[in-house]
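**Q** One letter stands for each residue in the lines below.
Protein chains: 2
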Amino acid sequence: MNRLQNLRKALTEEKLDAVLISSLPNVTYLAGFSGFTTMDRDAYLLVTKTKQYIFTHGIYKEIVAKTVKDFELIEIKREKPISVALRVIVEQEKIKKLGFEAFDLKVNEYDKLIKQVSKKLLHPADPVNKLRIIKTPDEIQTIKKACALGDQAFTYILKQIKESVTETDLATELEFFIKRNGGDISFAPIVAFGPNASQPHHVPDGTKLKKNSFILFDFGVLLNNYCSDMSRTIFFGKANKDQKNAYEAVVTAQEESMKLITSRLSLKKQIKGSEVDKVAREYLTLQNFPSMPHSLGHGIGLEVHEPPRLTPISDEELKPGMVFSIEPGVYLPGEFGIRIEDLFAIEDKKLIPLTKAQSKFIEL
Amino acid sequence: MNRLQNLRKALTEEKLDAVLISSLPNVTYLAGFSGFTTMDRDAYLLVTKTKQYIFTHGIYKEIVAKTVKDFELIEIKREKPISVALRVIVEQEKIKKLGFEAFDLKVNEYDKLIKQVSKKLLHPADPVNKLRIIKTPDEIQTIKKACALGDQAFTYILKQIKESVTETDLATELEFFIKRNGGDISFAPIVAFGPNASQPHHVPDGTKLKKNSFILFDFGVLLNNYCSDMSRTIFFGKANKDQKNAYEAVVTAQEESMKLITSRLSLKKQIKGSEVDKVAREYLTLQNFPSMPHSLGHGIGLEVHEPPRLTPISDEELKPGMVFSIEPGVYLPGEFGIRIEDLFAIEDKKLIPLTKAQSKFIEL
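Protein chains in written order, with the numbering used here: chain A, 9 to 372; chain B, 9 to 372.
So here's chain A without its partners, still in its complex pose (with noise of 0.2 angstroms):
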């Protein structure tokens, strides 16, 4: 019940009664279940003071009175939405500030509580997301099993690479992998060959693997319900200089983000997300590479992109306790892309590698 005493002491600092909750990775958060969908709406909650509060439709209603305890359970239905459900509590527990989650409720959610709750009581908010940007030991540890998992099926799908074995067949193996060792993917794996992989999100298709190319493989591992994501490429034949050159220089700007952070924490200095986006970005437009259309890096956790964010403009100071990519990448359209992402945390004032794979260039 530590993240609900903690969201309370958020609550009284943000001046709030009480916070409804939309967010799918914030629901599993607070409540520990993780069944509901996204293809509908299938649960809400409330954190009032003193009390929390589950709606659900009454398809999840036998399985959530047995797995969310501390919560209590109200049934939500056509006749008796959120909205009124909702309307009752603030009525009873006299809740005069409200927050909500604007990042995740629709437009459509929102007129129809105005309608049951008044609009004055109610304030965009986002502890959640707030609390779950420190991860906790054992949350780390649980993506570092993610990311081993991922590892392997790094040194798996080396093996299953050969020529005109195309993109599909080597994400399908990928995922396969993944499965077959008990986790599940953190999103649909990416898998480019050659000039397939200036597109840095490309959608694995039928390309067969010719000699004398990159492969780019992006992927993540879901374990209990914590993500890992890491990207890979190597060179199937013989590279060229300039291909060599660009692989290396990847390389370097992500070692130049590494000991950017390194050199900081050990200097107990502070160290912003665009601060580490910028060395890298640099570093790779001063090699006459194009600036990245992406950014950084990403805090990873409950999903696979959440804060802390590593952009050009991001304010977040990165703190122990988070766990984000660091994944520079050049991408030169009709030739190819390179991109190399690892996750890492900070713990103990230490930047700590969470994926392992060597990213020492790999020709096969």
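Honestly, the hints are just simulated from the structure, not real lab data. Fair warning: there could be bad hints in the mix.
Remember, identical chains collapse to one label, so a pair may be satisfied in a single copy or spanning two.
[As the list claims (entries may be wrong)] No more than 25 angstroms apart at the CA atoms, straight line, and that leaves these computed lysine to any residue pairs for SDA-like:
1) Lys280 <-> Pro145
2) Lys216 <-> Ser42
3) Lys358 <-> Asp48
4) Lys170 <-> Lys252
5) Lys69 <-> Phe195
6) Lys187 <-> Asp213
7) Lys128 <-> Thr58
8) Lys85 <-> Asn296
9) Lys77 <-> Asp159
10) Lys364 <-> Gly66
11) Lys85 <-> His209
12) Lys77 <-> Phe111
Following the hints, put chain B in place on chain A, whose structure we already have.
**A** Just chain B now, with coordinates in the frame of chain A:
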């Protein structure tokens, strides 16, 4: 470009000058590109009376420019977010009434929009779902193919059933079969043994199969962006009279719904979703089974759940071109759950089954 023409007709009818599309399936429907992720907001569309725009990040620029040729590509960035890009066009094209998808847009996205675009211009609108609810013969054909692969997967999975196999084993096997055969899953398969199935959305776990229990399968195929969805419940062992009766009640409930639709269609009389739900629901409660904790059915297409809805309060009329599920169920906590789900299309005033797997009682 038929879809855009139809959308413009709808805009004229709703007296809108333009509509901002944010929902991912609607983006896929109109732009014909399905490579965006659900992790972040990757794209928006704006369709005006004469032009159509696609807004996306640098990460997707190359692929969108290559594949979404009918839309003018506008890159959005942190420095030039969607709200600003939109304002420019609203001013240029003198848009006075701009629809937006209130069922999809987040409150904080809306709040950012109205800092750039006058609130008075913005009107909740949902023209695309109104188009999508009526499928073309091609779309129905695609869903039919997805259903056929689902039927094959069901035949395959029957052969994998043996004592002590786990729910997770069978769910993984179903998924791998679908993927090995060129499809994807439209949602995480449900496999539930015995009492687990009384939770309609049970998440498969390590439960081992024991003799004399029901097995409920609910799964779907994703093929060329279109979804199938089917449920079958079979018996492992020898069922007793009560178990058989419950099964037959579900079969009959489904047949009663089908009969009602068929007779109304042949009489050229209207039939509402709520009437179909009612006939199945009442049949089951008359047999002394509890009222289903879910609706009888849902439309399906680019999304697993989309209009029309077959719920107790659905006013939607079932019309030619619609594709939907009919999925009655009996759920007895502590004992078992039974659900049979098939997809149907209304074509030429006939109710056409798209799933073909038998629903005769199976004992294995």
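**Q** Give the relationship of Lys216 and Ser42 under a CA distance limit of 25 angstroms: within one copy only, between copies only, both, or neither.
**A** between (38 angstroms within a copy, 21 angstroms between copies)
**Q** When no copy is specified for Lys280 and Pro145, does a C-alpha distance of 25 angstroms or less occur within a copy, between copies, both, or neither?
**A** Only inside one copy: Lys280 and Pro145 sit 22 angstroms apart there, 54 angstroms across copies, limit 25 angstroms.
**Q** Between copies, within a copy, both or neither: which fits Lys85 and His209 at Cα up to 25 angstroms?
**A** Between. Shortest inter-copy distance 17 angstroms satisfies the 25 angstroms Cα cut-off; intra-copy 39 angstroms does not.
**Q** Could you figure out if Lys364 and Gly66 sit no more than 25 angstroms apart (CA to CA) within one copy, between two copies, both or neither?
**A** Intra 44 angstroms, inter 29 angstroms, cutoff 25 angstroms: neither.
**Q** Are the CA atoms of Lys187 and Asp213 at most 25 angstroms apart within a copy, between copies, both, or neither?
**A** Both: 21 angstroms inside a chain and 13 angstroms across chains, each within 25 angstroms.
**Q** Using 25 angstroms as the alpha-carbon threshold, which applies to Lys77 and Asp159: within, between, both, or neither?
**A** neither (36 angstroms within a copy, 39 angstroms between copies)
**Q** Within a copy, between copies, both or neither: where do Lys358 and Asp48 come within 25 angstroms Cα-Cα?
**A** neither (41 angstroms within a copy, 30 angstroms between copies)
**Q** If the cutoff is 25 angstroms on CA atoms, where do Lys170 and Lys252 land: within, between, both or neither? Let me know, please.
**A** Classified as within: same-chain Cα gap 21 angstroms, cross-chain 52 angstroms, threshold 25 angstroms.
**Q** Go through the copies and call it for Lys85 and Asn296: within, between, both or neither, with a Cα cutoff of 25 angstroms.
**A** between (59 angstroms within a copy, 22 angstroms between copies)
**Q** Should Lys69 paired with Phe195 be assigned to within, between, both, or neither, using CA atoms and 25 angstroms as the limit?
**A** Between copies only: 21 angstroms across, 29 angstroms inside.
**Q** How do Lys128 and Thr58 come out at 25 angstroms by Cα distance, when the copy is not named: within, between, both, or neither?
**A** Close inside one copy (22 angstroms), not across copies (40 angstroms); limit 25 angstroms.
**Q** One pair to classify: Lys77 and Phe111, alpha carbons no more than 25 angstroms apart. Within, between, both, or neither?
**A** So Lys77 and Phe111 fail the 25 angstroms test inside a copy (28 angstroms) and across (31 angstroms) alike.
Hint check: violations occur at hints 3, 9, 10, 12; the rest are consistent with the structure.
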